[in-house]
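Chemist: Residue strings, one per chain:
2 protein chains.
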Amino acid sequence: MTRSTALLTDHYELTMLQAALASGAAHRRCIFELFARRLPEGRRYGVVAGTGRALEGLAAFRFDDDALGVLDGVVDDATLAWLADYRFAGDVWGYGEGEVYFPDSPVLVVEGTFAEAVLLETFLLSVFNHDSAVASAASRMTLVAEGRPCIEMGSRRTHEEAAVAAARAAYLAGFATSSNLAARQRYGVPSAGTSAHAFTLVHDSEDDAFRAQVASLGTGTTLLVDTYDVAEAVRRGIEIAGTGLGAVRLDSGDLGVLARDVRRELDALGAHDTRIVVTSDLDEYAIAALAAAPVDGYGVGTRLVTGSGHPTCGFVYKLVAREDDDGRLVPVAKRSPQKGSVGGRKWAARRVVGGRAVAEVVSHADTFAEDERPLLRPLVRAGEIVGTEPLDVARERHAAAVRELPVAARSMARGEPVIPTEHRTARGSVAP
Amino acid sequence: MTRSTALLTDHYELTMLQAALASGAAHRRCIFELFARRLPEGRRYGVVAGTGRALEGLAAFRFDDDALGVLDGVVDDATLAWLADYRFAGDVWGYGEGEVYFPDSPVLVVEGTFAEAVLLETFLLSVFNHDSAVASAASRMTLVAEGRPCIEMGSRRTHEEAAVAAARAAYLAGFATSSNLAARQRYGVPSAGTSAHAFTLVHDSEDDAFRAQVASLGTGTTLLVDTYDVAEAVRRGIEIAGTGLGAVRLDSGDLGVLARDVRRELDALGAHDTRIVVTSDLDEYAIAALAAAPVDGYGVGTRLVTGSGHPTCGFVYKLVAREDDDGRLVPVAKRSPQKGSVGGRKWAARRVVGGRAVAEVVSHADTFAEDERPLLRPLVRAGEIVGTEPLDVARERHAAAVRELPVAARSMARGEPVIPTEHRTARGSVAP
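If you read the sequences in order, they're chains A and B.
First residue of the first sequence: 1, per this note's numbering; consecutive thereafter.
First residue of the second sequence: 1, per this note's numbering; consecutive thereafter.
No wet-lab data here; the hints were simulated from the structure.
Please note that the accuracy of each hint is not assured.
Unchecked claim - Which chain B residues face chain A? A few, computed with CB under 10 Å, are given here:
{"id": "1", "residue": "S195"}
{"id": "2", "residue": "L319"}
{"id": "3", "residue": "V342"}
{"id": "4", "residue": "G343"}
{"id": "5", "residue": "E416"}
Stated by the list, open to error - Calculated from the model, a selection of chain B residues having no Cβ within reach of chain A, i.e. all distances over 12 Å:
{"id": "6", "residue": "A67"}
{"id": "7", "residue": "G96"}
{"id": "8", "residue": "V118"}
{"id": "9", "residue": "T177"}
{"id": "10", "residue": "A198"}
{"id": "11", "residue": "R303"}
{"id": "12", "residue": "A333"}
{"id": "13", "residue": "R377"}
{"id": "14", "residue": "P390"}
What the hints assert, rightly or not - Label-pair distances were calculated between CB atoms; the ranges are:
{"id": "15", "chain 1": "A", "residue 1": "V393", "chain 2": "B", "residue 2": "R3", "range": "43 to 51 Å"}
{"id": "16", "chain 1": "B", "residue 1": "G415", "chain 2": "A", "residue 2": "T425", "range": "17 to 25 Å"}
{"id": "17", "chain 1": "A", "residue 1": "G244", "chain 2": "B", "residue 2": "T367", "range": "51 to 59 Å"}
Note that the coordinates shown come from a computational prediction; the quantities given were computed from them, not determined experimentally.
A virtual CB, placed ideally from N, CA and C, is assigned to each residue, including glycine.
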């Protein structure tokens, strides 16, 4: 059974609930939107990730006795009683997982009473802010790797549970494999790995270590060749494993220079099919710089799991409309020059002309033109989770969404979002 | 029951285990060290955090049937059989949680067979790299806040489980409270919070919202006063709650200017004890900039949970010594100009002269002078966890360790580590 997720939230969600239950506002129908006011500086697009995990977590968002015990003293008895029966019974729509997003894209739309929808704020933001940050970084890396496989190996550089989510996010954004075994367990992410320097060092010699590895893991394994002398290690590796050795791994030094030297040496030894994998402090820029080097795979760690400089997306979860005393839904928004938001329920579509995305359309009406592909899909209907899908569907959706973007999306240079966000009022909406 | 932590690890730890079991090297006694080669650029000291969580996780690091099922196909049957009985039976020493650290400080020392110690690598690194990054950022923030309470509220900006660990790390580094309810549940971290803009917006007017909040949460509550007009909100807040209103919160705008205006207004209204809490995109620099403003508390979110620009510590876990065929422990190290490490078992102490830390001593011998305070304490003895302690002990240890640092530790300017790390060979060691 999944552990309750209900306390993975902020104290103030509960005190607001208490005060709103007392005032009656708790029962007003509300619409909350999860969106980003901007992309991380210089980024051309963002990637939506976390949907699958959010839906899993939503199913476990119930206040069990443990949770109620913790809240005794945080909120009053009336609120505790209400929480004991809590189960989200509203509706959620969202961008398909793996889809790209832009400033003001309504990535998630939650409709329910104030009480039931406000409680989800922190948890939903945590999931989307983290997973989308990693997926957004991962997507740039896989784009610039141009088909060479990227291997996620950042688990040790981030919280142990964030590591699992990062492996999942990287996979949906095009990474080939992950080092993380829990991601294999929970999400079926293909895992891979062979050995580290400690394995060489625990043996009496590099030769002993290579022999032990090849004997146990087969000639298709990847030998780590930079513990002592790279050229010597490559020579000995091929002597021990034969020319069928799967790959060698370089984890330090000038990777471009080393990769060329090693390729030459491997070829001279007849090991034409032995691949070269590099793994030292890579990010999208380092990957781009290695485009001309004879590299067959990139292992990416720290920079991937920390979102390559942007470890969080800046998604916010804002009340954009609520019921009034007459039962009508009225738009609401905070008055602020920096932190304002556009009130009212929104729908979104991507305008695609000749197979190429040209605009993100955020509209107050749910009608779109023929060349506008609607982006919101139902995730939860009256509390029932309907949006669950296999991770590979998100992976394919992501690949398709990125293919559709203008070529500038592939640029590593800082710039504006690769397509503009068009805001359309209900009156100005285009009929289908 | 705690969920198994055994798959929160990298695939290659398991393949190394398989190959080492086959070669026999798996049974060699080994010493692994967890340390950082350097501090994040410009930082004066780091803070050790994660010890308590690591020990919790270690107790749950067992391969249950689920885990073994996942590994079927990753490793061979002999390895699966070995894993089924796995339980770490070695020794672990570590810096006390909350202690400060410097480049090459042996923050954790793990002694056991290669097999049992290598398996812990990824999990231990995840915990310490994350928690220490947050604690290191938090410590700078609490130092510069100079006694004004700091409130951790970054849960929504990081992975939902990382959020809980971040709240714990922030608390041990001196934060007063956290918004995170799971941290309250699991670690007894004091939680706090009152309301957000959505609470104001769901009511028909700010007046209605304030009335509802004060009626339900009491006059000691904190009113959020920047949804519409700050001056008006402050006036109405005091009218509604009376001069006993606990606090007002500012979450946008020029906080220094606003805080002065609000203080003047509160005083003019007679609300001399009503505090002012600010919460918009703060970090240690923003806190420092507000030192002269009439602010009574800082809420810190994004920048705290992302380590204020350094979301991971760069801790590595290196094999530094292993048994040879004659049963002697021999030092080992990778040969690398950038990624080298110093072989051999190390001990550490802080030299403190006249109550002031002057050096971090990393020695190959475990004897220290009288003015050198040993830093390693036993955490695990022959597999038994002996280092568990209440979180408040770590919190007090942190406060004491920081008090002892040179005043330059309080500088927000980038610089070198505030004390040097002295390496001492066994021969050059000082007798006590």
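Chemist: Checking each numbered hint in turn, tell me which of them this model violates, lowest number first.
Modeler: Numbers 3, 5, 6, 8, 9, 10, 11, 12, 15, 16, in rising order.
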